[in-house]
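Listed here are the chains, written in short residue letters.
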Amino acid sequence: MTERSLKLANRPAVVAAMVLFTVAAVTYWDASQMTARATYGMGANAASYFICLFLAVLGVGHLFTAFQTSAVDAEDADWKAIGWIALALSGLIGSIWLGAGFILGSALLFAFTARAFGRKSLGVDLVIGVAMGLIIFLLFNKLLSLALPQGPFERLF
Amino acid sequence: MDAINLLFEGFALAIQPANLIFAAIGVLIGTAVGVLPGIGPALTVALLLPVTFKLDPGGSIIMFAGIYYGGMYGGSTTAILLNTPGESAAVVTALEGNKMARSGRGGPALATAAIGSFVAALVATVALAFLAPALVKVAVKFAPWDYFGLMLIAFVTVSATFGSSPLRGLTSLAFGLWLGLMGLDQLTGQARLTFGVPQLLDGVEVTTLAVGLFAIGEALHVASRHLYKPEKPIPVKGSIWMSKEDWARSWKAWLRGTAVGFPVGALPAGGAEIPTFLSYTMEKKLSRKPEEFGSGAIEGVAGPEAANNASAAGTLVPLLTLGLPTSATAAVMLAGFQQYNIQPGPLLFTQHADLVWGLVASLFIANAMLLVLNLPLVGLWVKLLRIPLPWLYGGILVFASMGTIAANPSVVELLLLSAFGVVGFLMRRYDYPVAPAVVGLILGPLADNALRRSLQMSLGDPMIFLQHPSSAIMIAIATIALIAPFAFKGLSRFQHDED
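Protein chains in written order, with the numbering used here: chain P, 1011 to 1167; chain D, 580 to 1078.
For the record, the hints were derived by calculation from the structure and aren't laboratory data.
All residues carry an ideal CB built from backbone N, CA and C; glycine is no exception.
One or more hints might be untrue.
[Claimed, not checked] Just a few of them, taken from the derived set where beta-carbon distance is under 7 Å, the chain D residues facing chain P: (1) Pro596; (2) Leu799; (3) Lys868; (4) Val961; (5) Leu963; (6) Ile966; (7) Ser980; (8) Asp1027; (9) Asn1028; (10) Leu1034; (11) Phe1065.
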């Protein structure tokens, strides 16, 4: 019973160890696929193998700490707020992916992020987001000649 | 004196009207962004990099210097007036500074922070100007094995030696090193960890990682913990000027803070937190009014703030002379230099001497501008602190993703940015330091190259690192620095058992 509660209290360390082992395995697999050879010394895969080993050692280290009681207590998270930010980022990514342009994307990003931080008036925030995206677009595409993704709306300018 | 001549030439470049304007714009936007809560200097520089993309290298680097010092200064304003330090090095400033602001002495607190920053940056920049050429003379003799040894020291000190947990620090470093593997290998052209995605062949951008970890990670963290309670900045009442007593209590603290901060920054020891804490305890011991500490002692603002700035200027020494970033901010700066195809290191001083000295001169100018512009503009910065947090974070995310797609307009880059944001959130939540990941990403490939070039020169014999005394000593230092925290932990546990 005590052991079980110990384990539960340190679950993040166990999860971190699992992630480290997985990444180490992926790195090992990737390094074993490499074909370029070096004439002398180490090839391109040597660093991969080294980091794979490093990750595995850290994974073992995490497993050790998982059996000690000194885990960091993470407070409860507001997953709804996280969800809104995830939606905000997906809004931007989707908008760029579908070729709808930067201004719409940034308006969605702005409004949904503001929602995550407790704003209720989504409509107002969308308008602000469009205005902000427009200003940034004009400033950077016209003044500093950076290429921000363009959709039908951006091509009007 | 060679350095003085070169510095004068640098001033001749920096004082041209166009460059002065660049410096002024840099200082203003650097402070404006740095003032925003939750944004430290590293993120300020990363967010504002795209603004300088299309300028010529000279102008953009000068603007950069302004952004860097402005961002540093802005962070202390937030710490004092809002008690939300944007970076770990400003935590100590918030300790006494916020107490001072609460008891109606916000003005003098801001003033001593500003003048202390000015003094520290001035002294540290002079030290930089004289130390750098001497160091460059040594650094040109460095062989790949020496660089490898140096990078090992940087890796260990940044991640393990001074953090709260060596294991978590090293894990963060490993994450950065792993990301550094991605892309085409510089020596053989072998693709590593690209999983057949063509956009990954160029590797991971340092700015994408920094912005993802710092900006998006922070936004997720703050949102998840409901940290957006309406916290109002404390209004600055009365005179912002310091009284005679304030001056008397501040000036020694400034100089002591500078003396502590600069060497720690200049050594590849990483982090401005240590000198700020050191300076704080030192001032507390030396103060004639130690009872004021905890309720707003001016020395407790003056010393750590000077230490913070001196250390930040100190990190420019290894950055410019060796190409070795020892803090997240320095790593982002290095990424910025690389964007203009400038590789800091000993060669920079011979190939682009005008640029280096123009930068050093601009640091002086930016520093002076900060002092002249910022104290009178304090009202404006306070207004910026009043932006409601939902809009603030919305704006930060828009600007962050804008910078990412402006540098590299692809969906893959945005997906990476979001993924780094999630990682940054988890790292914050479970108390993993973020800076080692950024340093690992930028130094990892360099260390890989140094290691393999050494082994090519020795025809594959790894003993080459131990046969040269210089690299052997550096590897020994790195090993000791790695083992020390574990050993001390064991030691202190042992002592604990004794009691």
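Task: Unsatisfied constraints (hint numbers, rising) - done: Violated hints: 1, 3, 4, 5, 6, 9, 11; rest satisfied.
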